[in-house]
Amino acid sequence: MTRVGVKRRGFFSAVAVGGAASLASLPEKASAQPASPKPSAVTPGAGVAAAEAAPPREEPVVAGRSGSDFMVDVIRQIGVEYVAAMPGSSFRGLHESIINYGGNRQPELLTCLHEEISVAMAHGYAKVAGKPMATLLHGPVGLQHASMAIYNAWCDRVPVVMIAGNGMDATKRRPGVEWMHAAQDNAAIVRDFVKFDDQPASHEHFAESLVRGYAIAVTPPAAPVLIMADSELQERPMADLPMADQPTTVPRLSIPHPPAGDPAALAEAARLLAGAENPVIVVDRYSRTQAGVDALVALAEALQAPVVNKLGRLNMPNQHYLNQTARARALVGQADVILGIEVVDFWGTVNDLRDLIHRDEVHVAKPGARLISLGTTTIPMRANFQDFQRYQPVDIDIVGDGETSLPSLTEAVRRALGADRRSAIDGRGDKMRDAFKRSQDVMLTSATYGWDASPISLARVCAEIWAQIRDMDWALTTGDPFFQSFWPQKTWKMEKVYQFTGGPGGYGVGYSAPAAVGAALAHRAQGRFVVNIQGDGELMCCPGALWTAVHHKIPMLTVMHNNRAYHQELMHVQRMADRHSRGIDRASIGTAIDGPPIDYAKLAQSMGMWAAGPVTDPKDLGPTLRQAIDVVKRGEPALIDVVCQPR
Amino acid sequence: MAQSGMAQQSGMAQQAGDASRGLHLFMADGCYECHGTVGQGGVGPRLAPDPLPAGAIAAYIRKPTNVMPPYVESVAGDQDVRDMQAYLASIPQPRPLKDIPLLAP
Numbered sequence: 246m247t248r249v250g251v252k253r254r255g256f257f258s259a260v261a262v263g264g265a266a267s268l269a270s271l272p273e274k275a276s277a278q279p280a281s282p283k284p285s286a287v288t289p290g291a292g293v294a295a296a297e298a299a300p301p302r303e304e305p306v307v308a309g310r311s312g313s314d315f316m317v318d319v320i321r322q323i324g325v326e327y328v329a330a331m332p333g334s335s336f337r338g339l340h341e342s343i344i345n346y347g348g349n350r351q352p353e354l355l356t357c358l359h360e361e362i363s364v365a366m367a368h369g370y371a372k373v374a375g376k377p378m379a380t381l382l383h384g385p386v387g388l389q390h391a392s393m394a395i396y397n398a399w400c401d402r403v404p405v406v407m408i409a410g411n412g413m414d415a416t417k418r419r420p421g422v423e424w425m426h427a428a429q430d431n432a433a434i435v436r437d438f439v440k441f442d443d444q445p446a447s448h449e450h451f452a453e454s455l456v457r458g459y460a461i462a463v464t465p466p467a468a469p470v471l472i473m474a475d476s477e478l479q480e481r482p483m484a485d486l487p488m489a490d491q492p493t494t495v496p497r498l499s500i501p502h503p504p505a506g507d508p509a510a511l512a513e514a515a516r517l518l519a520g521a522e523n524p525v526i527v528v529d530r531y532s533r534t535q536a537g538v539d540a541l542v543a544l545a546e547a548l549q550a551p552v553v554n555k556l557g558r559l560n561m562p563n564q565h566y567l568n569q570t571a572r573a574r575a576l577v578g579q580a581d582v583i584l585g586i587e588v589v590d591f592w593g594t595v596n597d598l599r600d601l602i603h604r605d606e607v608h609v610a611k612p613g614a615r616l617i618s619l620g621t622t623t624i625p626m627r628a629n630f631q632d633f634q635r636y637q638p639v640d641i642d643i644v645g646d647g648e649t650s651l652p653s654l655t656e657a658v659r660r661a662l663g664a665d666r667r668s669a670i671d672g673r674g675d676k677m678r679d680a681f682k683r684s685q686d687v688m689l690t691s692a693t694y695g696w697d698a699s700p701i702s703l704a705r706v707c708a709e710i711w712a713q714i715r716d717m718d719w720a721l722t723t724g725d726p727f728f729q730s731f732w733p734q735k736t737w738k739m740e741k742v743y744q745f746t747g748g749p750g751g752y753g754v755g756y757s758a759p760a761a762v763g764a765a766l767a768h769r770a771q772g773r774f775v776v777n778i779q780g781d782g783e784l785m786c787c788p789g790a791l792w793t794a795v796h797h798k799i800p801m802l803t804v805m806h807n808n809r810a811y812h813q814e815l816m817h818v819q820r821m822a823d824r825h826s827r828g829i830d831r832a833s834i835g836t837a838i839d840g841p842p843i844d845y846a847k848l849a850q851s852m853g854m855w856a857a858g859p860v861t862d863p864k865d866l867g868p869t870l871r872q873a874i875d876v877v878k879r880g881e882p883a884l885i886d887v888v889c890q891p892r
Numbered sequence: 195m196a197q198s199g200m201a202q203q204s205g206m207a208q209q210a211g212d213a214s215r216g217l218h219l220f221m222a223d224g225c226y227e228c229h230g231t232v233g234q235g236g237v238g239p240r241l242a243p244d245p246l247p248a249g250a251i252a253a254y255i256r257k258p259t260n261v262m263p264p265y266v267e268s269v270a271g272d273q274d275v276r277d278m279q280a281y282l283a284s285i286p287q288p289r290p291l292k293d294i295p296l297l298a299p
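So the sequences go chain by chain: W and L. Residue numbering for the first sequence follows the working numbering, beginning at 246 and increasing consecutively. Residue numbering for the second sequence follows the working numbering, beginning at 195 and increasing consecutively.
Since the hints were made in silico from the structure, they are not lab data. Hints are supplied without guarantee of correctness; some may be wrong.
[Claimed, not checked] Sample of chain W residues lacking proximity to chain L, with all beta carbon distances greater than 12 Å (derived): (1) E304; (2) V307; (3) G309; (4) R418; (5) E423; (6) Q579; (7) D581; (8) D697; (9) G840; (10) W855; (11) G880.
[To be verified] Here are the in silico distance ranges between beta carbons for each label pair: (12) D244(L) x R516(W): 45 to 53 Å; (13) R635(W) x A298(L): 38 to 46 Å; (14) R289(L) x G520(W): 43 to 51 Å; (15) H825(W) x K292(L): 14 to 22 Å; (16) P247(L) x E522(W): 37 to 45 Å; (17) A222(L) x E522(W): 49 to 57 Å; (18) L246(L) x R659(W): 33 to 41 Å; (19) E522(W) x V261(L): 44 to 52 Å; (20) K676(W) x P258(L): 30 to 38 Å; (21) K676(W) x V261(L): 26 to 34 Å; (22) D865(W) x A250(L): 37 to 45 Å.
Remember, predicted model here, so these are calculated numbers, not experimental data. Glycine is no exception: its CB is placed at the ideal position from the N, C-alpha and C atoms.
Please model the entire structure based on the sequences and the hints provided.
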């Protein structure tokens, strides 16, 4: 008995051979062909010939409705509009049901070229759309591909609804690849960084778990969830099931209200803030909605307190005079009361650990400063991965969603502010206006240095982009803003919550391009102009994201921050070489991406995207941007490769 | 120590630097990573135009007080520092802010 294993990459060659064998067994067609001195196809072996000649087995060849159709009903019930997926046989039933039973609408399948792209797209989408995208993942192989993107979404507290195919019944797995692509506990791969997972054993179980999982995913603190879709549950015809096992209804989705801070604790925090001489508000992964931004402005104005934005989200309009992020260290050092709102790293906010041979602690906050934490970050949800940062004792720790709790805190502050504090607070506001003006002047002057340099400065790149988009309804999608030296945050006017939604969360490279595509998809529905400032090294982790943008006609402008190296890592290696006083001119080995330099315009063009560059002369940047913007306004993605300074 | 450092700075200042070689070293030794290729600043502070004297630069990079990694004399000698300082000194002044419309508030 000859076993024929059909792997994914061997499939087409197997089809070619099988097809030839089938033709060879059709004598009428074969006799119609002109005689050939040599056979054009492989002669079928004895096993194949016997199989072809055997009488047909008594088994159904056409099935009616199957379990995967019901799964589509469940996905619709929870309101998911898009499902991002790289195809995989473990969810072939669900795939087919989405495009045929569901008509590829609500949800629509998004073709992705890697599972890391699927999840990162969903990550970027959710932060703009305010609701999750679903992803389909192929057993343990697709899940492992996706794992870094899942970790980013976990660290960033962003909901993603993931469905992974998996064949649990060992007697139903074909020999070979289906065993390689199955797991008895598939979710174990990522259980440390998902909020909920399940391996449903029936259709109703799937429905309950997906609905439950959705609600868990979106309830702050949000995070990804993972539900398995068993292959047999997907593919088994409904008619084969006993009536009692046939699913009939999908549970109603019930989303909990976000947890709010304890009113007594908020009142105590308000008293401290109202009585402070130098209060500082530090905010990080906070704003989900415009109401959240407005609420923070209201609190800051009530206190005339400076806000330090750690840029987990937009949080605070950057042109508001109380946004004093540029003076963060000095303000924290002077503060007598520090309120942290959804601050991921409170210890690192009031302390520092210098990157020296002996990593010494530096206490930034002054002794005796009172610390208040409001948010959901101080209670780790898992213990293994250390994204919860170092433990920082605080004076008042209020566990509650920042957005939900802040209006109550502001009201409590207003009640706590007596008339005697009014003049002091007004005086503080005047100082903040002056300090903000000085910071702006310094920042703009600093942009003039290197203005005409080549490689082009990031200040110039960002100013050129801003000149083109400032009158549009725009949004920026990017990786960690640190890599652009925060120039967009310094020079653009950011006031809408969707204009900046933070970085990857887990600092995992590979996020920004696919997340930008997902975000741009959500912005497309609102008609916004999307700019993605894209690191070169990071793009090469997931370049296929560009193809998905083209394929699905997702308009967005990608401006390459092409500095031709993994500069963060180059600096780390440089530090080691300097520390050892050897080979200080060799740090580019293993970190530079310049031999040969990658032509990102050609890369994008190869996937059907309009692209230009490399732009090396700053004078050429404005005209090239205008060309690209015209393309994007027509509803297509475009890319400009700009050779830039490291930061 | 302070007097010794001042004497060292004074001695260094008496010798000229080679700006062309300084540019090469500035790039090869990784200075541009934090300070930009024309010393405009980035992760690290701005160095040019109008750089510090070579002696002051040498004194700092030998024992930096903040997060900058050290460049001791065996890998970045005094002549190297003089050359890099000469490169930084050769960088022209930027255009005034008022002459750059894109930076208008």
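Hint check results:
Under the 12 Å C-beta cut-off, the non-interface status given to E304(W) relative to chain L holds; the minimum distance is some 67 Å. Even its closest Cβ contact with chain L, about 64 Å, leaves V307(W) beyond 12 Å, as expected for a residue assigned away from the interface. Every beta carbon of chain L lies more than 12 Å from that of G309(W), the smallest distance being close to 63 Å; the non-interface claim holds. Look at R418(W): its CB is around 52 Å from the nearest CB on chain L, clear of 12 Å, so calling it non-interface holds up.
The claim that E423(W) is not at the interface with chain L holds, since no C-beta of that chain comes within 12 Å of its own (minimum 49 Å). Distance check for Q579(W) against chain L: the nearest CB is about 20 Å away, which clears 12 Å, and the non-interface claim stands. Against chain L, the non-interface label of D581(W) holds: every CB pair exceeds 12 Å, the least being about 26 Å. With a cut of 12 Å on Cβ distances, D697(W) falls inside the contact zone with chain L, its closest approach being about 8 Å.
No beta-carbon of chain L comes within 12 Å of the beta-carbon of G840(W); the shortest separation is about 15 Å. Every C-beta of chain L lies more than 12 Å from that of W855(W), the closest at about 24 Å, which supports listing it as non-interface. Distance check on G880(W): its Cβ is at least 28 Å (rounded) from any Cβ of chain L, clearing the 12 Å threshold; non-interface status holds. Checked against the hint of 45 to 53 Å, the C-beta distance between D244(L) and R516(W) comes to roughly 50 Å, which is consistent with it.
In this structure, R635(W) and A298(L) meet the distance hint of 38 to 46 Å, their C-beta atoms being roughly 43 Å apart. Distance hint for R289(L) and G520(W): a CB-CB separation of about 48 Å, consistent with the stated range 43 to 51 Å. A C-beta distance of roughly 47 Å is found between H825(W) and K292(L), which places it outside the suggested range of 14 to 22 Å. A hinted range of 37 to 45 Å holds for the C-beta pair P247(L) and E522(W), which are about 41 Å apart.
At roughly 50 Å, the beta-carbon separation of A222(L) and E522(W) lies within the given 49 to 57 Å, and the hint holds. Distance hint for L246(L) and R659(W): a CB-CB separation of about 50 Å, inconsistent with the stated range 33 to 41 Å. Restraint check, E522(W) to V261(L): a C-beta distance of roughly 31 Å breaks the suggested window 44 to 52 Å. Remark: the range hint 30 to 38 Å for K676(W) to P258(L) is upheld by a beta-carbon distance near 33 Å.
In this structure, K676(W) and V261(L) meet the distance hint of 26 to 34 Å, their C-beta atoms being roughly 29 Å apart. Our hint of 37 to 45 Å for D865(W) and A250(L) holds, since their Cβ atoms are close to 38 Å apart.
Checked against the numbered hints given earlier, this structure breaks hints 8, 15, 18 and 19; the rest are met.
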